[in-house]
Amino acid sequence: MEKKTLETLVGLFVVLGALALIFLSLKAANLASFSFDSTYPLKASFDNVGGLKIRAPVKSAGVTIGRIKSISFDDKKFQGVVSMEIDRRYQFPADTSAKILTSGLLGDQYIGLDPGGDDKNLQAGDSIKLTQSAVVLEDLIGKALYGKAAEGGGNRQKEAAK
Amino acid sequence: MNPVDLLCALGARVLRWLSALGHASLFFGDLVRHTPAALRRFDLALVQIYAIGNLSLVIIITSGAAVGGVLALQAYYALDRYGAAESVGLLVALSLLRELGPVLTALLYAGRAGTSLTAEIGLMKAGEQLAAMEMMAVDPRSRVLAPRFVAGIVSLPLLAAIFSAVGVGGAYLIAVKLIGIDSAAFWSQMQDGVDVFKDVGNGMFKTIVFGVASTFIALYMGYESEATPEGVAKATTRTVVFSSVTVLVLDFLLTSLMFSTKP
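Residue numbers (the numbering used here), protein chains in the order written: chain A, 83 to 244; chain B, 155 to 417.
Worth flagging that the hints you see were computed from the coordinates, not collected in a lab.
Since this is a predicted model, take the numbers as computed values, not measurements.
What you were told as hints is all true, and nothing was included just to trick you.
One side of the interface only, derived from the structure: several residues of chain A facing chain B at Cβ under 7 angstroms:
| no. | residue |
| --- | --- |
| 1 | Leu-91 |
| 2 | Ala-102 |
| 3 | Leu-106 |
| 4 | Ala-111 |
Note that beta-carbon positions come from the ideal geometry of N, C-alpha and C, so glycine has one too.
Same shape as in the complex, but just chain A (with noise of 0.2 angstroms):
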């Protein structure tokens, strides 16, 4: 074969090979999506983060807008603190709340902002101040056992307790 003609075929190979990885980086994968545009941090302090993880999503009405930064926590207060990075497209009133929420009954955990209804927005920094924890599982069994201890009372309660 002549020399040309290999060079271009094994080019072809290689450039075949080269958009077969972009594609499997941009289509399949998250690199285009990889961080919002611009974007703004907020924070929010948690009694209870759950299981919620870095790089899970921010939504307001189901709708993503923005990820998780980072979560850490604060030893003064003896919360969980979490940085978001919002979008800069969407402001939201200062008396916006932040709930930690599960998708479906088995799915990831994400934060829900819920818009209030002030006239200033928050400010790129700000906490959110209205929060409302993870739902912990083995807190809501437990409080059901309790309360149907309760209702027995008497020996039964000793019983539930263990």
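Could you slot chain B onto chain A? The hints should help.
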């Protein structure tokens, strides 16, 4: 047979096995040492990339499309029961990128390209071409083996990327065009769950390791084959067996290293 003889036989076996392993390791070191020379004379490697890469494209593309389509069908069957049919794309993409793409490509590569490398070098040896090269003070390891080694390491990751991409395409055809899953949900679920570095990057790293391992095995088996027709036949068989087992074991080790811990 008396116990002493048995012990002797066992000892001889272990010693033979150990010396073969040591020999293979030294051979690997030799190959790596000759790799820069092969990179300097890249035209030699180019011919081999054509033989290993370009000529494997057909089998890789057809297998990729078939595997992607089958995965989509089976995943849909299971996921539809839980009302999560849109996750088909995610499941197919993750399994292709993390495991099936690298592993199946490496297995196909061992069958399609590894065997031809072994047979070619085995026959060169049987025809005393390698010995003739040594007589002319040309080291066959740098002239014959190293370019093929480089070509294998370059080709396998590219082939695996093509395999995975075609597989995702095949899954798209089956899931969206045939079954009728919403195309936007198909892609967005995929993009939500697939990470560039964790999944695509680690998968590519796997293919590089597989490329080194299976090309090395093919070359070693060819270079050390007996210089007879039976010897070459045996070496070719061994290439497929050893490469496949090595790739699968390496895959298990790499997977447990890469994906065992949660982020």
